[in-house]
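J.: Residues per chain are reported as follows:
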Amino acid sequence: MELHDLQLIARRERERRRRIRIHCCTSSGCLASQGLEIQKRLEAAVAEAGLEGEVEVVGVGCIGSCGQGPMVEIAPEGTLYEYVRPEDADAIVAAINGGECSVQRGDPLRPFFTRQFPIVRKNAGKIDPERIEEYIAAGGYRSLYRAINEMTPAEVIDEITRSGLRGRGGAGYPTGLKWSTVAKSRGERKYVVCNGDEGDPGAFMDRSVLESDPHLVLEGMCIAAYAIGADQGYIYVRGEYPFAIQRLQKAINQAKKFGLLGSQIFDSTFDFRVDIRVGAGAFVCGEETALLASIEGRRGQPRPRPPYPAESGLWGKPTLINNVETFANIASIIEHGPDWYASIGTETSRGTKVFALTGKIHNTGLIEVPMGITLREIVHQLGGGGHSGSEVKAVQTGGPSGGCIPASLFDTPVDYESLAQVGSIMGSGGMVVMDNSTNMVELAKFYMEFCKDESCGKCVPCRVGTVQIHRLLEKITAGQGSQADIDQLQELCQLLRNTSLCGLGQSAPNPVMSTLKYFTEEYEHLIER
Amino acid sequence: MATPHPTHDAAAAAGDNRLKILEATMKRNQYRPDALIEVLHKAQEIYGFLSPDLLVRIARSLHLPPSRVYGVATFYHFFSLAPQGTHTCTICLGTACYVRGAAELMARAEHAAGIAAGHTTPDGHLSLASVRCIGACGIAPAVVIDGNVTGHMTPDDIAAQVTALLSAPELPQS
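One line per chain: the protein sequences are A and B, in this order. Residue numbering for the first sequence follows my numbering, starting at 1 and increasing by one per position. Residue numbering for the second sequence follows my numbering, starting at 530 and increasing by one per position.
Simulated from the structure, these hints should not be mistaken for laboratory data. Mixed in with the good hints there might be a few duds.
Stated by the list, open to error - Covered stretches of chain B (in silico footprint by chain A; criterion: 3 or more residues with CB under 8 Å from a CB of chain A, positions within the stretch not fixed):
(1) 564 to 573
(2) 605 to 618
(3) 654 to 664
(4) 667 to 676
Given the structure is predicted, the values throughout are model-derived calculations rather than measurements. Backbone N, C-alpha and C define an ideal beta-carbon position, used for all residues, glycine too.
Based on the sequences and whatever the hints tell you, model everything.
T.: Spelled out as structure tokens, the structure:
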């Protein structure tokens, strides 16, 4: 494989394409609402209308507005259809030639779409994720070519460092710094690991990226491997995402066949293989040392750091671990340069972030927005406000490790520091919106029950503390609590935060502490009864 | 731990096709101990659950102590050491589904099935389970019935679905 081979594949793909493409969302959400049947019926309708020479039906990744799914888009003109049913296929095809079509139309110019800034999701909903040719035609694997043939590993790391990219898994560690640490670590073998163990309930960014554009993640991993000197990579994906695993495996096979993974990539001396590791339903495996234990076939229990995986990771070898979304940013940074990337977002948080907007919100779905956008803009402009007109009370970011942010603080900009300041975290990107029908104490209890179940049991503060906090919350929600219980809750939360071994325990009190801080009256109301 | 169904072990001892598939999976992984989770995934996929006999067999093949295999099998929620019902109804209790009323769905499903979540009806016909987020938050609340995801569920829907499952015919053996 050479650059002109890539260009040839891209040209052939463009020539093969029909003038009009009917994009049919085949991501998990729409798939659950007969997405495949819709695609089949559309194909039949196109054949019946004799339009095969002009129109093609393409199964694409997530278009974004999952709440209005199944979605169908007519490209390039941009007509969007929402809540499509299989029986609508004929009408949709007829409408291409000006026929009548009563299927509900979406407005592609509404803020939900126009306020987005797609980098990670640049191809999502536009290409068929099961065909590498479409990814290549969209400019794919050029960045890998450039990195291997025109840059030294140190130059690649320098570009990533200058871009200001920070880990998208939640903690926000500078990616370039992590890469250079692993690059400097000594070891006869190094590994690249992609963390796709998206355990945070209410978040599905990584699932969507893997389902919509798996090659983007593979290319990012490949560039990382070149930069740090690794020849083996693992993608750890949740077992709950069978469809993402299937697409990823297909993508790996295709990339191997095209010589973009495996030995002598782009006829260089650089080798890189990627294997999938399927998770088995343990939230704690999102923690990096637990994830590594799980890849090694052991119980997913974290270990104290240091040593950090950058020095001693998989089988004791230096290991680079980044999140799916972090890797999905890499190709664009190499393509457009670090200055371009650094010009997006805020001073400390560069670039964009993908959020899964869910809960009591009008527009549920996936959005990618520049850092620094306010919560108000996300909830009210992109999200369209509360579900069926209800008043939004709070937003929960970061899942069981994050906090609840009340509507009064919605002018908070979305960046790592600002979110931490109001008692929450950026997290992996789950954003659950709540209205007045959600009881915040019940919600805190819900999260604590989750952490209690998911605590791996290795360290005492987390194993015992989560149970005790959950019991106190049960007592309070049953109306049997007192002020002393709330005081003890505070004390236990501090203890858990300060003494737990890993992030799970350290951050488990966040939902309780943030609701205690911002929704004190809901707690007081319960203890007064 | 529940006592496994005796017929499953008998089938394993008889050396049916499933054993060959399992053996092939282990061989493909060169019987490496670190392939344990992959092997357990495969074993559960073909047997439906992990019986003690099966765990011991895997431990021997991968040269691991049985305690380690048992420890891993019990650590992860995905692995089940007891047989599952012919039909399964799994209700997502992720945050997005929770905020949209998944707890009520679960209550109605438990009522309709007459069993608590995490259990199987005495006749082995239906297993009711909960899951922490399947990533279908856009169509919350979501339910997985016999492997198929359905969104926008209402309490009445789930009650009807569970009742239908209780009287549904046996799944064809694949």
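J.: Indicate, hint by hint, whether the structure satisfies it.
T.: Status of each hint after checking the structure:
1. 564 to 573: holds (count 6)
2. 605 to 618: Contact hint for the stretch 605 to 618 of chain B vs chain A: holds, 4 residues under 8 Å.
3. 654 to 664: holds (count 5)
4. 667 to 676: This one holds; 4 residues, not fewer than the three required, reach chain A with a Cβ under 8 Å.
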